Amino acid sequence: MPVVTRQGQPAWRLRTPRTVLLAWLVWFLIVAVLVWSWQFVSERTIWAFVADAPRQGGDLMARMVPPDWAYTAMLWQPLWDTINIATLGTLLAIVIATPLAFVAARNTTPALPGLRALALLIIVASRSINALIWALLLVMILGPGVLSGIIAIALRSIGFIGKLLYEAIEESDAKPVEAIIATGASPAQMRLYAIVPQVMPAFAGISVYRWDINIREATILGLVGAGGIGLELMASVNVLAWGRVSMIFLLILATVLASEWLSARVRAAVT
Amino acid sequence: MSTRVWHRPPLIGDARLRWGLSLGFLAYLVLAVGSLEVNWQRVAEGLERGSAFAAALFSPDFTSRGDAILEGFLESLAMTFVSTTIGLLLAIPVAVGAARNLSPLPIYLLCRGFIAVSRSFQEIIIAILFVAMLGFGPLAGVATLAFASIGFIAKLLAEDIEAMDPKPLEAIRATGGSATQTLHWAVMPVVLPRLVGVSMYRLDINFRESAIIGIVGAGGIGATLNTAFDRYEYDTAAAILLLIIVIVLASEYASGTIRGRLR
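Quick note, the sequences are listed as chains A and B, same order.
Going by this note's numbering, 216 is the number at position 216 of the first sequence; the sequence numbering is gapless.
Just remember that this note's numbering sits 1000 ahead of the position in the second sequence, which is counted from 1.
Please keep in mind that the hints were generated in silico from the structure rather than gathered at the bench.
Given the structure is predicted, the values throughout are model-derived calculations rather than measurements.
Any given hint could turn out to be false.
Stated by the list, open to error - SDA-like, lysine to any residue: derived pairs with alpha carbons at most 20 Å apart:
| hint | chain 1 | residue 1 | chain 2 | residue 2 |
| --- | --- | --- | --- | --- |
| 1 | A | 163 | B | 1252 |
| 2 | A | 163 | A | 91 |
| 3 | A | 163 | B | 1250 |
| 4 | A | 163 | A | 201 |
| 5 | A | 163 | B | 1257 |
| 6 | A | 163 | B | 1256 |
Generate coordinates for the entire structure from the input sequences, incorporating the hints supplied.
Laid out in structure tokens, this is it:
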């Protein structure tokens, strides 16, 4: 099919020889990278352990069933901490991200050179680092506990909320802005009366969405000591109490599903 | 003259709901902040370390643990490539199974169930289980990321298959095409660009995740970072963090460009 021959001469080709060569080159590179990567992983693997994995896995599953139901009584306090980490962290992020978004948005940024670039840099740096890494850093600096978790969640969320909010601000309609300015409003009044009402639904949606993600993230922050139910998880894993581990998994699953449901309800209501 | 003043309409129209929600939220806030236990003395001690770390961010040390950093990043990259490929290959059958317009109900429910399980747990939780099963090292990381990738890619791909135009399907079936031929000639051409796009996106996510699952022993740069923090080597940790930011940005840009071209 790629070549149509007419009187022994190729007349039309789907691809030029150059693109055919290029396609082969790309495939060759992909395969080469994969082979190298697999060798790299394989060299660092103790295959005797892997051969044993099915038995280990079966063993693990057997120990996880039944979950240790009585352990639930000890989990309410960490669960409450987890929800607090997510909620207070999100609130802190909102407080910081909102002004940041107004500085980062092209149509509302103050006329000060470099300020917008700085805001964008903060957003990018915050977004590229996972909450767990922030938590690792903060546990080292502030010590283990809920406070480190809250700040870790906030630091990760600033970039997320800031980015989505500044995009919403940039997409807002310019006409209300013009109308408000025409009445002689100050720049602050313009933002309050022309921009804020337009981005309010997006803002509420973004915040609740991030809160939902943060509930998930808060369940694991305890793995590095930043409070919440992850602390119990790590403690149970370390003493190989797999019945407790599966109980924690069930509780995390229920919490995540509940927060997802709540967030979907709120987002459906505001948009 | 009346003295009525114009007010902006509130976000929540119903006044009772608005006040109820506000009061409820305020009550929660008081309870939540009240239950915080903060060791302020420890925090005060920490501020010094914080400033030391902030200073280290401006003088990162790439060299003194250069070998460990390079090894960690190569391991992360290798894990990313292998796991995305395995995840992609396994996600395709799962996605076909999870598309209601191609599969019978029992298979559909099975595949959807698998996708739901794979998506509800954080990568790091799955990593704990795989480390327990496969031992420490990058293979546990590969298994974790591949498992998470299956759910992610299969869900997006299945949605794309379900949203496709039924006419090509009907046309190929009308010519007497078998199930494999239908997949190859009707489904694949429609969803291939999306599949490449989703895989690129997942490659990007897998790299980010590979930077953290090392914390529980599943290999990658996360392990190196954790060690650096444990030893209070701020300048090395700062170097790793900066490198992560740069690579994440580069991969985000590359995957965005490729996905943009496909559209």
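> Among all the numbered hints in the text so far, which are the ones the structure does not match?
Replying inline: Every hint satisfied by this model.
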